[in-house]
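There are 2 protein chains.
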Amino acid sequence: MSDSQSSIEVCFSPALYPFFHQKKAVVVVTDILRASSAICTAFMHGVEKIIPVETIEEAKLYKNKGFLVAAERDGFVLDFADFGNSPFNFSPSVVKNKTIVYSTTNGTQAIHMANKSSEVIIGSFLNLTATCNWLINQQKNIVILCAGWKNKFNLEDTLFAGAIVEQLLLDKHFYTICDSANASLDLWNIAKHNLIHYIEKTAQRNRLRKNKLDDVIEFCLTPNITDILPVLRGDFLTRMENKV
Amino acid sequence: MSDSQSSIEVCFSPALYPFFHQKKAVVVVTDILRASSAICTAFMHGVEKIIPVETIEEAKLYKNKGFLVAAERDGFVLDFADFGNSPFNFSPSVVKNKTIVYSTTNGTQAIHMANKSSEVIIGSFLNLTATCNWLINQQKNIVILCAGWKNKFNLEDTLFAGAIVEQLLLDKHFYTICDSANASLDLWNIAKHNLIHYIEKTAQRNRLRKNKLDDVIEFCLTPNITDILPVLRGDFLTRMENKV
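From first to last, the protein sequence lines are chains A and B.
Going left to right, the first sequence walks through residues 1 to 244 as my numbering numbers them.
Going left to right, the second sequence walks through residues 1 to 244 as my numbering numbers them.
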């Protein structure tokens, strides 16, 4: 590494983020199954803003004010919400030109946690290469924050982190001495040739199957169906307009 | 899984332990480079008790009372201590029949954190098979607690966790649905055929090299040079007498 290079770190849990926080770093928040995939889908389908909120109470307050609210806990749509956490809920007829309030088990908390860094973007396989290209242009230190599952490590977010690490390390500007980043890359190298098969053993894949919510797996693992990059501006997510 | 089986989970950081704590589980604390390797070495060389303490202040108090004190932070021996964290410090002439007070950057905190579980044992490659055999006999849920580095994930503790997961899953009594356990096993399967080579990329390996403290690497990665199992009894570690 040299002083002119930028570091890549991977944080496996929101509970570990305080040990990774860097004011000048860009944070990529990911929650592959399903929040960050759903957010990318919403922007692909023309949503104007997404307001991520941490608590059920906040989501309810927004609902009472007349907002469209997507909210789930443990995979299930909350009773007061308009819909839940499946990317398929965020169809063009529902979301186009709308502002949506969004609260999930893991992902939306992680977004808030990162908001004191230089920039917070939302990454998923759906916008993988767009995410990497933008990160390469920034030439800043990068922290990939995996939303995990209730503060535990999860494999699917880690694999996505590994996919980013792989692409960034092809650029000599970046380096990593982070064991989590190296572990993510090694796991990605095992999984990448048959991601759907590898994902079979993950806890969240089995949780979604048990709850009959697993129709989204293949979609959420599809790379590069959009080049939109959701970015946090204050308390809402919007699409990044100027990507360089 | 069935009700009669026992689960295996891997916790990658002391900061995540609250999400893994189970009162009835056995916790295996590991800090391969170097605390848990040093503890196993000390018992192999006849130490009677090791009192793990969390803070430098506690270690100093014990020193003032006349105890033999091993204490380090960031790899370096503290000025008031008798010696530091290298397994080579714990030679028979120094430790035989002694009680040693021990405080390290990561490992001794992790030991204290786990003390509300059913049993806390200390695992390292040095006592790998003894650890696995004892765990198999207990038929209890198992949490492998990686000491990590300042609450961050590290690879060497994860590989050791993977080595345990591999052996335990050969016994039909055990199962895992823990993504951290599956990741540990996958990483172990990459690394195990040339552990010394794999360890080259880890942060702690490079930290130790930089500080000229890397003479212990090969020793710390040597499997099964002892069948002693250090166990926490109240506030001190002792050797497990009845291993079945």
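Hint data in this document are derived by calculation from the structure and do not stem from the laboratory.
Hints may contain errors.
Said to hold, decoys possible - As a list, the in silico DMTMM-like pairs of lysine to aspartate or glutamate whose alpha-carbon atoms are at most 25 Å apart: (1) A:Lys192 - B:Glu58; (2) B:Lys152 - A:Asp186; (3) B:Lys192 - A:Asp3; (4) A:Lys96 - A:Glu200; (5) A:Lys201 - B:Glu166; (6) B:Lys201 - A:Asp186; (7) A:Lys201 - B:Asp235; (8) B:Lys212 - A:Asp3; (9) B:Lys192 - A:Glu200; (10) A:Lys98 - A:Asp227; (11) B:Lys152 - A:Asp227; (12) A:Lys201 - B:Asp186; (13) A:Lys150 - B:Asp186; (14) B:Lys172 - A:Glu119; (15) B:Lys201 - A:Glu241; (16) B:Lys210 - A:Asp227.
Unchecked claim - Short, incomplete list of chain B residues facing chain A, as computed with Cβ under 7 Å: (17) Phe12; (18) Phe19; (19) Asn151; (20) Asn154; (21) His197; (22) Arg205.
Claimed, not checked - So, partial list: chain A residues that the calculated Cβ filter (under 8 Å) puts toward chain B: (23) Phe19; (24) His21; (25) Lys24; (26) Asp82; (27) Phe83; (28) Gly84; (29) Thr129; (30) Asn133; (31) Lys150; (32) Lys152; (33) Ile177; (34) Asn182; (35) Ala183; (36) Leu187.
If you're wondering where the values come from, they're calculated on a predicted model, not measured in any experiment.
Every residue, glycine too, gets a C-beta built ideally from N, C-alpha and C.
Hints, one by one, checked against the model:
1. A:Lys192 - B:Glu58: Violated: A:Lys192 and B:Glu58 sit about 49 Å apart, past 25 Å.
2. B:Lys152 - A:Asp186: It holds: about 18 Å lies between the C-alpha atoms, which stays within 25 Å.
3. B:Lys192 - A:Asp3: violated, 34 Å
4. A:Lys96 - A:Glu200: violated, 33 Å
5. A:Lys201 - B:Glu166: holds, 15 Å
6. B:Lys201 - A:Asp186: holds, 12 Å
7. A:Lys201 - B:Asp235: Status violated; Cα separation ~39 Å.
8. B:Lys212 - A:Asp3: holds, 23 Å
9. B:Lys192 - A:Glu200: Since the Cα atoms of B:Lys192 and A:Glu200 sit roughly 24 Å apart, the hinted pair holds (cutoff 25 Å).
10. A:Lys98 - A:Asp227: At roughly 20 Å apart (the allowed maximum being 25 Å), A:Asp227 and A:Lys98 satisfy the hint.
11. B:Lys152 - A:Asp227: violated, 32 Å
12. A:Lys201 - B:Asp186: It holds: about 12 Å lies between the C-alpha atoms, which stays within 25 Å.
13. A:Lys150 - B:Asp186: holds, 22 Å
14. B:Lys172 - A:Glu119: Answer violated: B:Lys172 to A:Glu119 is near 48 Å, above 25 Å.
15. B:Lys201 - A:Glu241: Roughly 38 Å between the alpha carbons, so the hint for B:Lys201 and A:Glu241 is violated.
16. B:Lys210 - A:Asp227: With a Cα-Cα distance of about 42 Å, the restraint between B:Lys210 and A:Asp227 is violated, given a limit of 25 Å.
17. Phe12: Where the cut-off is 7 Å and the nearest Cβ of chain A is about 6 Å from B:Phe12, the hint holds.
18. Phe19: holds, 5 Å
19. Asn151: This hint holds: B:Asn151 lies near chain A, its Cβ roughly 5 Å from the closest one there, short of 7 Å.
20. Asn154: holds, 5 Å
21. His197: violated, 13 Å
22. Arg205: Constraint on B:Arg205 not satisfied, violated at 10 Å.
23. Phe19: holds, 5 Å
24. His21: violated, 12 Å
25. Lys24: violated, 19 Å
26. Asp82: violated, 31 Å
27. Phe83: Result: violated, 27 Å to nearest chain B Cβ.
28. Gly84: Violated, about 22 Å.
29. Thr129: Result: violated, 25 Å to nearest chain B Cβ.
30. Asn133: violated, 26 Å
31. Lys150: holds, 7 Å
32. Lys152: holds, 6 Å
33. Ile177: holds, 5 Å
34. Asn182: holds, 6 Å
35. Ala183: holds, 6 Å
36. Leu187: holds, 6 Å
The structure shown violates the earlier hints numbered 1, 3, 4, 7, 11, 14, 15, 16, 21, 22, 24, 25, 26, 27, 28, 29 and 30.
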